[in-house]
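Here the structure of chain H is known, so what remains is to put chain W in place on it, guided by the hints.
There are 2 protein chains.
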Amino acid sequence: MTTKEVAVWLLERDKFLLLTHVRPDGDTIGSAAALCRALRDLGKEAYLLKNHGITATYAPYAEGLWAAEDYVPATVVSVDTAALSLFIDNAEQYKSRVDLAIDHHGSQEFFANQTCLEAESAACGEVVYDIIRHMTPITAEIALPLYVAISTDCGCFQYGNTTPRTHRIAAELMELVDVRDVNKALFRTKSPVRLKMESRMVEEMTLHDDNRVVVMSIPLALRREMNATEADIEELSSLAALVEGTDCGITLRELREGVIKISLRSTGPRVDASAVCAQLGGGGHRGAAGATVEGTMAEVKAAVLEAVSKVTEA
Amino acid sequence: MTTKEVAVWLLERDKFLLLTHVRPDGDTIGSAAALCRALRDLGKEAYLLKNHGITATYAPYAEGLWAAEDYVPATVVSVDTAALSLFIDNAEQYKSRVDLAIDHHGSQEFFANQTCLEAESAACGEVVYDIIRHMTPITAEIALPLYVAISTDCGCFQYGNTTPRTHRIAAELMELVDVRDVNKALFRTKSPVRLKMESRMVEEMTLHDDNRVVVMSIPLALRREMNATEADIEELSSLAALVEGTDCGITLRELREGVIKISLRSTGPRVDASAVCAQLGGGGHRGAAGATVEGTMAEVKAAVLEAVSKVTEA
Chain H
1 MTTKEVAVWL LERDKFLLLT HVRPDGDTIG SAAALCRALR DLGKEAYLLK NHGITATYAP
61 YAEGLWAAED YVPATVVSVD TAALSLFIDN AEQYKSRVDL AIDHHGSQEF FANQTCLEAE
121 SAACGEVVYD IIRHMTPITA EIALPLYVAI STDCGCFQYG NTTPRTHRIA AELMELVDVR
181 DVNKALFRTK SPVRLKMESR MVEEMTLHDD NRVVVMSIPL ALRREMNATE ADIEELSSLA
241 ALVEGTDCGI TLRELREGVI KISLRSTGPR VDASAVCAQL GGGGHRGAAG ATVEGTMAEV
301 KAAVLEAVSK VTEA
Chain W
1 MTTKEVAVWL LERDKFLLLT HVRPDGDTIG SAAALCRALR DLGKEAYLLK NHGITATYAP
61 YAEGLWAAED YVPATVVSVD TAALSLFIDN AEQYKSRVDL AIDHHGSQEF FANQTCLEAE
121 SAACGEVVYD IIRHMTPITA EIALPLYVAI STDCGCFQYG NTTPRTHRIA AELMELVDVR
181 DVNKALFRTK SPVRLKMESR MVEEMTLHDD NRVVVMSIPL ALRREMNATE ADIEELSSLA
241 ALVEGTDCGI TLRELREGVI KISLRSTGPR VDASAVCAQL GGGGHRGAAG ATVEGTMAEV
301 KAAVLEAVSK VTEA
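Sequences listed follow chains H and W, in order.
Numbering-wise, the first sequence is residues 1 to 314 according to the numbering used here.
Numbering-wise, the second sequence is residues 1 to 314 according to the numbering used here.
Bear in mind the hints are in silico, worked out from the structure with no lab data behind them.
All of these numbers come straight from a predicted model, not from anything done at the bench.
What you were told as hints is all true, and nothing was included just to trick you.
A pair holds if it fits inside one copy or across any two, identical chains being indistinguishable in the list.
Straight-line alpha carbon distances no greater than 20 Å define the calculated SDA-like cross-link-like pairs of lysine to any residue that follow:
| hint | residue 1 | residue 2 |
| --- | --- | --- |
| 1 | Lys261 | Thr229 |
| 2 | Lys196 | Gly245 |
| 3 | Lys190 | Asp247 |
| 4 | Lys301 | Ser238 |
| 5 | Lys310 | Glu299 |
| 6 | Lys190 | Leu207 |
| 7 | Lys184 | Gly155 |
| 8 | Lys196 | Leu242 |
The following block holds chain H by itself, in its conformation from the complex (with noise of 0.2 Å):
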């Protein structure tokens, strides 16, 4: 379906529930909550399904707007879920109910009686955005998820993965909602502990391969030095990918005794991150990928150098 199929759908419907990925990320709670509130001011019932997953850097975009337990829809929407393995625990009655799938992921699998897909889209915030605009107007309130949305899924404009078209909408959602305090939040604040603990990681990173490979690892004695919280650890695995001259990062984090998480980072056609991991029992995409092993960092490590070593022999 088109972005203006959808909304002549859409408002021929009504009592609707919007469902969000396992994990949620910025892009997914966005969209969800920017078409729950469209869905509201044009009169209609509208939820989304709790997600319990969700951290506090999202958790005020979806406030009051959670579904109580025994709410019935007559509609039901996924929104950024490429298939039903990432839908949510509480969402297994509706797995085979999906109405509509509203998505960007080339990986999409039509899981849904209808699907609205633009996979040249950086963000599924995108796509709700164009539906949105087909139906009612934007406000102040739908334009902050939509906002949210779409930068956190590129990278605040810094990923391969923004447009022209990025760029137009994040200026037109930017007349209607002062995004200085988003922008700061979500990507120029760190946690003093966060800090220390990359700055522990920088310290003592290795280089290996002539220096393509970089390796960093966050063993639990580190994280109960600086009495780490979950948050605090966040997607540090993107350290690695940003040191110069390396197109491998691999960070070993010590998840308990003798039990490893490599994730690893490939940001050149050289080393397939998906194939390394494969090795070890994981597996991932070619440019990100992870696997979860026994071991010790020291044995974790030369194993995850021997893995990397033999794909790039080959």
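For chain W alone, kept in the frame of chain H given last:
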């Protein structure tokens, strides 16, 4: 002068020399390079005065544009330069004969015969974009340095100076040139030395004024120990502005024995960075300002903290 008046003025003249500011950033180099290329497209002679402080980060954008030492200009234009004190050493002879200053700093000192100032622009690149649009088509060769100018001065659309217009211009430029490699190089790559400099700055940072003010230092000794180049330490002052809970980030960089460059970033309404730096003989914007003063690190730190407390008391 308005940008349209500047366009008419430029079209009437020839033999241009474009001046960039000391410790050149992306905005001054990108703006000058774009304007230089546009003037050349119009069949005019145009060069940038050699800026010996240019780093490897921005050097590619000025390649082929530097004036020969014996070049005799008829028209001298400064770009992104608020004051004569920011002139490079080899521009001494032009201080009293700048024909036009193109700038976006509220602290512009009107040292030129003519001034085109748009203080609400996020970057001087936005002003130059408007000027060029009144003169000649924007080519890919012009779009690239303009994108560098604009994106670097607004932290890739993250800073509070970003406006809807900033995004709209970015959209126009992205229609003309692929900026993905530029974004990766400018915003998602750090040298190992730079990462280690940042680590040390974080480990030695101090908090003041109920943890609302953070001070980071770059002593000469650290720079020497790390063997850091100019590129390794440019824009390091944005680090202090990241610290959660603070609204004023101060970076003290020892330029040479007994001379400290203060960079101040204010992320809230409480501290006017420009007012703080004005007390120390410097200037800038409300959100970002600087000053260069004599003294030891300890003396300058005390002086800037006192200046902050004076401004916030008032």
